[in-house]
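Asks: From first to last, the protein sequence lines stand for chains A and B. Numbered by the working numbering, the letters in the first sequence go through residues 1 to 452 in order. Numbered by the working numbering, the letters in the second sequence go through residues 1 to 256 in order.
To be clear, the hints were calculated from the coordinates, so they are not data collected in a lab. All C-beta atoms, glycine included, are put in the ideal place defined by N, C-alpha and C. Possibly wrong hints are sitting among the right ones.
Straight-line C-alpha distance at most 20 Å; calculated SDA-like pairs for lysine to any residue [stated by the list, open to error]: (1) A:Lys179 with A:Thr352; (2) B:Lys203 with A:Gly415; (3) A:Lys305 with B:Lys203; (4) B:Lys115 with A:Gly448.
Partial list, derived from the structure: chain B residues whose beta carbon lies under 10 Å from chain A [as the list claims (entries may be wrong)]: (5) Asp71; (6) Asp76; (7) Gly81; (8) Glu104; (9) Ser112; (10) Ala113; (11) Lys115; (12) Val116; (13) Asp118; (14) Phe119; (15) Ile121; (16) Glu123; (17) Leu152; (18) Ser154; (19) Gln156; (20) Lys203.
Here are the chains, one letter per residue:
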Amino acid sequence: MAEAKYPTEKLKAWNRAKELRLMYYQNYAEAHDKGGLRYGGGAWTFDAVPAGLGEDVYPITSEPYSASIAFDKELSLECLEATEKAGYARDLCAYMRNYWGSILLDKYAFNYDADGNFKPRAAGGGETIGFPKADFLWQDHICCSHAKWYQVISELEGGIPMFCVDNAVGPASELTDSKIKYVVDQLNDGIQWLEKVTKRDYNDELLYKAIVNHFRSTSSWARICELNKTIPAPLDEKTMYSLYVFGTLHKASQYVADFYEKELLPEVEDRVKRGIAAVPNESVRVMSDTQPPWGFLKVFRYLEKYGCVSVGSLYTFGLVGQWEVKEDGTWGPKTIPVTDPNDFSSREEALTSYVRYELHKPEWQHFYHPKIKSDMMIRIAKEWKLDGIMLHYNRGCEGLSVGIAENRLALQDAGYPVMTFEGNMGDEREFDMARTMARIDAFMETLGVKTA
Amino acid sequence: MITAGIDMGAKTIKVVILKDGEIIGKSIVIGGLDQKKSAEEAVEKAVAEAGITRDQIEKMVATGAGRGEVDFADSDITEVGADAKGAIKLYPSARTVIDVGAEEGRGIRIDSAGKVVDFSINEKCAAGAGSFTESMARALEVPLEELGPLSLKSTQEVPMNAQCAVFAESEVVTMVHNKIPKEDMARAVHDAIASRITSMVRKVGFEKDVVLIGGLAHNVGFVKSLEKDLETEVMIPEQPEFVGALGAAIAASGGA
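The following block holds chain A by itself, in its conformation from the complex (with noise of 0.2 Å):
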């Protein structure tokens, strides 16, 4: 282990992450208890949209509940193999696999123990409980198995009825107005179908509160990202991947706003203030890219033996984070347009708000070509003055995999050392770890760095 050269200390913020995503799971599967509605869509949903229907409406995400299954190993495998008994390629996206697993076996990846407390399944909870069924789905559409995910799900479940949005417009840089009305009267007649589906009034000031919220979440996040410029980083990936999940889960609620602008923000900053590491023997700066092998987490920790941090990657950046060059060049959070609720003064004015600033997500602009993808890890690989990249060729996920073998060869001409490691966010039967540590010394010695 190299030489601690930075005070560091747990995140104080750590235990309330926990007990937030834990209620946010229970909010969905009690929903129906409390007289209220549950709904499945993907993390990239526009989930301010159904906050219109009322404050006892709960999501589940598909993406961050499948890592959930593929974090327990032993419900993941169960997963998959009920997937493929039910004739699913094994090559479609791992998420998607899980997910369809978990209806099909029925069994939720959280439970209740002995006393009646909640827990993830795999925390030792007791009976499996049966996979909550939601009352409709509210999806997008910019990955290739979006819709055809959430497709088989309401066929799965009996015909849940679902409405999906085409979010997928182009790149950012040659957004026009006709290409936001596109996604913005998509939204408006989903708004007339929600209504419909549910048989509930729409209310228009909740989905403005909600819209705000989004802002708050998104920018909130990216700035905390900003902060892991610092040397020593205050945070590494493998904690970020529990915090960013938040704007996976709920973005648009007000506790997701309110916990990393006032509670998640503040210590960050205090961290930076006080020289506080993630990692106390910080050597080394890397990112990641993609989705990490979820079972495998330990991989993070391995690199720590080396000295060095993984100070996250465009994914926990981008995947919710939105970012703004600022005037000096560098990457900052994106100002947020409205701050009030009440300066929404129509319908129409905030879903376009919304959607203008969506459509510019980081991570939603590699589909479109390779290159923007390359350009914004080197901008990343700069201001958070990295030493080298670690790509996950993501055998799960084709929509963020990608140009990845495009990416890698743009940042070598950059200048980056770059490792490649093959593997599967949620198949762990795809990923494997002892060649994967074996590719990691080696590339730490190619970066000039010892154990000891």
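Mind docking chain B on chain A? Use the hints.
Replies: Chain B alone, transformed into the frame defined by chain A:
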């Protein structure tokens, strides 16, 4: 200064002993189930060949997939680092090192000082590693050492489409039924491995001169296929399987 390098390969264990930069002893043993015991045996054999006592070895560095088993080594180095050090020692003009052993194939780009610039390792597919030739030799009912010379007699190129060793074996069965001559099938096997290795090497951006090391460098059929794919001649040390151990011994002596 007397140093030793021990390469704990997937199939064999190699030891090289250096005295003031010159090889004075070496050994190779099959790595059994008890890797540590086999490692001890390999060291004793090399010590005997060098005509020294074991305690004269001032420093020993381990490399290879099983290097963690060698608790009597002073330190360790990755296979990539060891290959680079060994290759540049033997061929100062080397800029690309290709190592194809039983378990792994590696492509390594190095600079003039032997520093690793980039590297690539085959993924979980056996078709990019030496063990593939063993399974194919079994399928063709040819002794392994005859597979290379046999393929040199080939008169026609037969594509082996499979990217996977398991499927390739099925493809060989189909070829047998189609009465494809054995020598052409042997060539198809080597062409398939060479294709995968070439792709991996081009990924790191290969530069001349190219050095081929590892056990598969003994296979003349593979060498011919590889040179054809790379469109260049490769340099092969007299005992290519010892280069990793040599690099580890150089690392033990503090050399680049």
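Asks: All hints are to be evaluated individually against the structure, with a verdict given for each.
Replies: Taking the hints in turn, this is what the structure says about them:
no.	hint	result
1	A:Lys179 with A:Thr352	holds (11 Å)
2	B:Lys203 with A:Gly415	holds (16 Å)
3	A:Lys305 with B:Lys203	violated (29 Å)
4	B:Lys115 with A:Gly448	holds (10 Å)
5	Asp71	violated (15 Å)
6	Asp76	holds (9 Å)
7	Gly81	holds (5 Å)
8	Glu104	holds (8 Å)
9	Ser112	violated (16 Å)
10	Ala113	violated (13 Å)
11	Lys115	holds (8 Å)
12	Val116	holds (5 Å)
13	Asp118	holds (7 Å)
14	Phe119	holds (6 Å)
15	Ile121	holds (6 Å)
16	Glu123	holds (5 Å)
17	Leu152	violated (33 Å)
18	Ser154	violated (33 Å)
19	Gln156	violated (34 Å)
20	Lys203	holds (9 Å)
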